Each structure stands twice: as structure tokens, then as C-alpha cells.
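**Student:** All chains should be modelled from the sequences, with the hints used to inform the complete structure.
Chain order of the listed sequences is A and B. As numbered in my numbering, residues 7 to 119 make up the first sequence, in order. As numbered in my numbering, residues 645 to 751 make up the second sequence, in order.
Read the hints as simulated data drawn from the structure, not as lab findings. Since this is a predicted model, take the numbers as computed values, not measurements. Idealized CB from N, CA, C, for every residue including glycine. Hints should not be assumed to be uniformly reliable.
Listed next, with one range per pair, are the computed distances between beta-carbon atoms [stated by the list, open to error]:
1) 654/B <-> 75/A: 37 to 45 Å
2) 750/B <-> 21/A: 19 to 27 Å
3) 660/B <-> 106/A: 30 to 38 Å
4) 44/A <-> 748/B: 16 to 24 Å
5) 704/B <-> 86/A: 33 to 41 Å
6) 696/B <-> 33/A: 23 to 31 Å
7) 117/A <-> 700/B: 23 to 31 Å
8) 701/B <-> 26/A: 41 to 49 Å
9) 698/B <-> 23/A: 22 to 30 Å
10) 76/A <-> 751/B: 22 to 30 Å
11) 659/B <-> 68/A: 26 to 34 Å
12) 751/B <-> 83/A: 44 to 52 Å
13) 69/A <-> 725/B: 24 to 32 Å
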Amino acid sequence: ETGVTQSPTHLIKTRGQQVTLRCSSQSGHNTVSWYQQALGQGPQFIFQYYREEENGRGNFPPRFSGLQFPNYSSELNVNALELDDSALYLCASSFRTGHYEQYFGPGTRLTVT
Amino acid sequence: QKEVEQNSGPLSVPEGAIASLNCTYSDRGSQSFFWYRQYSGKSPELIMSIYSNGDKEDGRFTAQLNKASQYVSLLIRDSQPSDSATYLCAGGGKLIFGQGTELSVKP
Chain A
7 ETGVTQSPTH LIKTRGQQVT LRCSSQSGHN TVSWYQQALG QGPQFIFQYY
57 REEENGRGNF PPRFSGLQFP NYSSELNVNA LELDDSALYL CASSFRTGHY
107 EQYFGPGTRL TVT
Chain B
645 QKEVEQNSGP LSVPEGAIAS LNCTYSDRGS QSFFWYRQYS GKSPELIMSI
695 YSNGDKEDGR FTAQLNKASQ YVSLLIRDSQ PSDSATYLCA GGGKLIFGQG
745 TELSVKP
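**Tutor:** Quick look at the structure:
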């Protein structure tokens, strides 16, 4: 059984640029959630995708957007990067939407300079 | 606003002792709660899930849920230095996390 994978591992971008982060869900899972974790804080929910549709969104501006593909993999796009976007971005997959266990990938460390 | 709160610690216990981690939540409608362990520089790892009032045991870990008091706890028996990490409490289908409790187990 393949776990959740994310790419890239690390990324350095300049303020104002755009970034795309990728996630492959665990085998058998059809729901992907994205979280942002700032240093010393708990992860914050960005949004969730189920069957290629956004299924809930946290308190993040529209410049954070996403996609889910038919194979349940997902992308997180962030436009007009700001310094405060520097964080660990975590993808989690679950068997389906609802109160199911979520399993995290290794994360992408984004640094905005 | 839905919230999950934890003591940030650090919590220090000697090797072999019981570590007790606590969490409170504000959303009475939450049906599921999870404990994640996060080592420094790594992603969260699910260690326990609990959905019903009472205790749930898995090896050295016991999760406790009291919905009336809106309280979740995690007990780690026979604590080992390898248990030293940040423990994150989370609730709901779209996980709401506490800020984490840093646990240090001293040999």
C-alpha cells in the first residue's frame, strides 16, 4: 500500500510569484485535504477535495486554489506569494469525506523571500 | 469559531512514567477526534482516533473522550525517549488542530 506522497520537498520563491504543490493520495483514498503549518503552530485547514470538487474551505484568501484529478491526486496553487505564506504545506488523504482518519504526506517546505 | 486548545508545554516526564496530554474543544457537534505525533521537521503521524465517549487503548497509548466536558486526553504509559515529540490534538472532518504539546521524555 503506497502512502501519501508530496512534491517538491522544499521550494524557495520570491514574493509575488506563483507556486504549485502536488500530492498523491494513499491507495484507496478519494479525499484530499490541504493544511498550512507555520512554525510552532498546529496545521490550519486550507481546503478539501472530494470527487474532484472542493468540499469545504478554511479561512484562506482566493489566491489559494486547488484541483483534484480523476486519479484523486491533487494540486495546491498559491498566487501572488507573500512572505507570510512561508510554511510547511501538508496534504492528507482519507478513505472518503466525513469523519474518517486522515493520513499526512511528508509535506512541502515553502520559503518566500 | 471552532477551536481546539492544548497546553503548549513543554511537558517533561522521566523515562518509564505516564505522560498525560490534554485537549479541549469548543464545537459540541464534533464527532471525531484524533491524536497526531509530530517529530521536529517531520509531518504529523496519526497515532489514535476516538469517536465515542470513554477510553480507547492501543498498546502504550490510551485516548479518552468526554463529550459532556468537551475534553480529550492521551495517556502514554511507560514513556520512552523516542516518544519525545509534539503531540497534536485535532477534531472534526475538516481537521481543526490545537497548537500542540511538546513532550520531552528524559532518560
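**Student:** Checked against the structure, which of the hints given earlier come out wrong?
**Tutor:** Per hint list: 2, 5, 7, 9, 10, 11, 13 violated.
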